[in-house]
Amino acid sequence: MLSSLLGSENSERILLFILKRDAGYAREIARFFDATLYAIQQQLEKMENGGILVSKKVGRTRVYEYNPRYPFLTELKALLEKAYSFYSEEVRENLEMNRRRPRRKDKPL
Amino acid sequence: MKIIAEMNEAELSAYVQSHMKKAGIEVVLSGGSAVTIYSESKYVSKDLDLVNVYAANRKKIKAAMTELGFQEEGRYFTHEEATLFIEFPAGPLAIGEEPVREIVEREVATGTLRIISPTDCVKDRLAAYYHWGDRQCLVQAKYVSHAQDVDLEEVEKWSEREGMLAKFEEIKDNLI
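Going down the list, the protein sequences come from chains A and B. Each residue of the first sequence is one higher than the last, beginning at 1 in this note's numbering. Each residue of the second sequence is one higher than the last, beginning at 1 in this note's numbering.
Here chain B stands alone, though its shape is the one from the complex (with noise of 0.2 angstroms):
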């Protein structure tokens, strides 16, 4: 097993992912560093947001991150080892109105990472950039429809069904 400072975005994720699961806590990786595994580090997050799916007790999962070695430092856990933050959002699992039906899994060498999937990450940046503005994660966006194979017609579906259809008309050159 690789050490903790030696570990990327996505094996930190799967290794913390795997001892919560045997603790009986789901999470699945979602924000800003699913946006660094889908664009190929094009852009670099500082934390995992490890979604918490069905609202596990916050005693709970602060005891298996204490497990693993992590400190509680307010809303996040911190490792000395690591240099990413980790924050378990509160869930449910959804982008807009809409709950996160697919989970991609990949195998990686420190477990199994649970992540949304490249479309749900693009969906997931617009809905900041519709409704705050956010060019930041319009071109987070970009790089990761640049970089997978995205399904833009559902993006478009997606984005009529909260309303923002013309928003995305003008944006969508940007995801081709």
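Bound-form chain A, shown alone (with noise of 0.2 angstroms):
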């Protein structure tokens, strides 16, 4: 949808996955799109020289998140989220289905 504004697909879907689920770490967000683990690291590492993106360490995995501070965020996230209306419901009922809540440890199911 913004891609061609945003200057690639996957910058686009990195910052819906970051909209939808407040965070995310490379990998899940490649896995998630099937996208290429390099380039979705590429743009993140893009997204935060820029500003944009913040990140911080959770054991051996960087997660990254909006930067509060951004001054654009109000904007561009409204930006986001008109554009997230237009993707197919298959697509966001995977963005937003995913389990939040905490699971125990060696539960079986």
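To be clear, the hints were calculated from the coordinates, so they are not data collected in a lab. Since the structure is predicted, the reported quantities are computational estimates derived from the model, not experimental observations. One or more hints might be untrue.
Away from chain B, derived, C-beta distances all over 12 angstroms, residues of chain A [unchecked claim]:
1) 27
2) 34
3) 39
4) 72
5) 103
In silico lysine to any residue, SDA-like type, Cα no more than 25 angstroms apart, as pairs [stated by the list, open to error]:
6) 167(B) <-> 67(A)
7) 59(B) <-> 7(A)
8) 77(A) <-> 132(B)
9) 46(A) <-> 131(B)
Using N, Cα and C, we set each Cβ at its ideal position, and we do this for glycine too.
Fit chain to chain and form the complex, with the hints in mind.
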């Protein structure tokens, strides 16, 4: 939807993924969209350098989220929300219906 | 001219800024080193954040820094004589959702230092406290507020515009 504006399809994927999940790491974003890990990592780094995203290490994983201090954040999110409404129901459901509640260690189900 | 090894934060910043200006690149000191300068070194930062105000091309910045003897190491620039790393965070120069309007200029031994104002420095630190609960930044805001003439009324109004008035009320006694 916005790839011509954002410069790449992966930029749009990353921004939408984090918009809907609040945070994300390269491998899970790449897996979700069936994109190459390297391409996603490159875009994440680019957006962090641009001040749009921030990251922190959680264990051995680098987790990215929106930079709450990015001055165009409100407007960017509004644009992404509109673009998101044009996505297929399947993509929207898969992005939003992920497990967020805790899972106890060794739980069988 | 002082040698780089003997320059303090303000002098090194002004030295780099003057060179950048000649190359047509506008950079303003913000972040932790602004706190160092305004807190009279109660807090010491390890890097200089020179915000790339008008999104100058990275290659242009690298060329200008190379002329000063700096090397690019990832997102930073280092110099064999300098203990401080230099970073050029992407612009625009903003505190929260608002553009920074006032730039303070100070003449130092190596040129003109261009730095965010003490009031914006406090806001900048509080933004990190408000959004991430970073208490180190709250302490830094307190250092600056105690050492400089800070417009706390403006900080309060800004906090309100950012939707953080309740948090400001909780911590405002730290700033007085």
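Each hint tested on the structure:
Every CB of chain B lies more than 12 angstroms from the CB of residue 27(A), the least distance being 22 angstroms, so the non-interface label holds. Distance check for residue 34(A) against chain B: the nearest CB is about 30 angstroms away, which clears 12 angstroms, and the non-interface claim stands. With a least beta-carbon separation of about 20 angstroms from chain B, residue 39(A) lies farther than 12 angstroms from that chain, consistent with its non-interface assignment. Under the 12 angstroms C-beta cut-off, the non-interface status given to residue 72(A) relative to chain B is violated; the minimum distance is some 8 angstroms.
The claim that residue 103(A) lies off the interface holds: its Cβ sits roughly 26 angstroms from the closest Cβ of chain B, which is beyond the 12 angstroms cut-off. Restraint check for residue 167(B) and residue 67(A): the C-alpha separation of about 19 angstroms stays at or below 25 angstroms, so the hint holds. A threshold of 25 angstroms between alpha carbons decides the hint, and for residue 59(B) with residue 7(A) the separation of about 20 angstroms falls inside it, so the pair holds. At most 25 angstroms may separate the alpha-carbon atoms for a hinted pair to count; residue 77(A) and residue 132(B) meet this at roughly 19 angstroms.
Restraint check: the Cα-Cα separation between residue 46(A) and residue 131(B) comes to about 22 angstroms, which is no more than 25 angstroms; the hinted pair holds.
Checked against the numbered hints above, the structure breaks only hint 4 and satisfies the rest.
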